[in-house]
Amino acid sequence: MNTSQESQTRTRLFARVMGPFLVAVTATAVARTSDMRTLLSEFGANFVWPWVTGAFVLLTGLVAVALHSYWRGAPAVIVSAMGWLTALKGLSLMAFPRTYISFANSALDATGWWWTTFIIIGVIGLYLTYVGWAPAASRPTSQATRSTPDLPRAA
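Residue 155 is where the sequence shown ends in full-length UniProt numbering, and the numbering goes up by one at each step.
Please note that the accuracy of each hint is not assured.
[To be verified] Below are the SDA-like pairs computed for lysine to any residue, each with C-alpha atoms no more than 20 Å apart in a straight line:
1. 89 / 136
2. 89 / 47
3. 89 / 36
4. 89 / 101
5. 89 / 73
6. 89 / 66
7. 89 / 77
8. 89 / 105
9. 89 / 34
10. 89 / 133
11. 89 / 51
12. 89 / 130
13. 89 / 72
[What the hints assert, rightly or not] Quick list of simulated restraints, FRET-style, between CB atoms:
14. 2 / 33: 27 to 33 Å
15. 38 / 123: 23 to 29 Å
16. 117 / 17: 38 to 44 Å
17. 99 / 32: 19 to 25 Å
18. 45 / 88: 22 to 28 Å
19. 137 / 116: 28 to 34 Å
Rather than coming from a laboratory, the hints here were simulated on the basis of the structure.
Beta carbons: idealized from backbone N, C-alpha and C, even for Gly.
Work out the full structure: start from the sequences and follow the hints.
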């Protein structure tokens with residue numbers, strides 16, 4: 001497998017995970033819009049939750065950054081950017097929990113922006129789901145891979 005095929009395969013594998021995750025999180029957040037403020041206030045009430053959550057989010061982002069360093073093509077750019085943004089989100093939760101929660105509260109107050117952001121994230125999730133799970137374009141195989149090894153080749 002050459003480097004281009006390897007990068008495409010890795011991008012598809014990350015898209016298979018990230019796409020459905022983004023769709024599920026977006027659908028749940030939109031369906032539970034009325035509960036988001038309560039969820040956020042309870043999350044920020046105890047500083048253990050932002051720290052522990054931030055540690056796992058940071059780890060997840062760093063795994064994506066370390067294992068997917070490809071930036072060619074829209075799916076690869078989205079996957080790599082999501083990895084970096086996830087790592088920054090985790091670090092922010094750990095280092096600046098009050099600022100992060102204050103920013104999230106401000107986002108909830110700006111209803112139009114909140115909905116627009118979640119619609120964009122949902123569309124990105126659907127796109128990554130398609131990229132990850134749609135059948136790969138078939139490529140013609142070379143003659144060498146199609147020949148049967150127990151038959152002699154003609155000169």
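Taking the hints in turn, this is what the structure says about them:
no., hint, in the structure
1, 89 / 136, "violated (32 Å)"
2, 89 / 47, "holds (16 Å)"
3, 89 / 36, "holds (18 Å)"
4, 89 / 101, "holds (11 Å)"
5, 89 / 73, "violated (24 Å)"
6, 89 / 66, "holds (16 Å)"
7, 89 / 77, "holds (18 Å)"
8, 89 / 105, "holds (15 Å)"
9, 89 / 34, "violated (23 Å)"
10, 89 / 133, "violated (27 Å)"
11, 89 / 51, "holds (11 Å)"
12, 89 / 130, "violated (25 Å)"
13, 89 / 72, "violated (24 Å)"
14, 2 / 33: 27 to 33 Å, "violated (46 Å)"
15, 38 / 123: 23 to 29 Å, "holds (27 Å)"
16, 117 / 17: 38 to 44 Å, "violated (21 Å)"
17, 99 / 32: 19 to 25 Å, "holds (24 Å)"
18, 45 / 88: 22 to 28 Å, "holds (24 Å)"
19, 137 / 116: 28 to 34 Å, "holds (33 Å)"
Hint compliance for this structure: hints 1, 5, 9, 10, 12, 13, 14, 16 are not met, and every other hint is.
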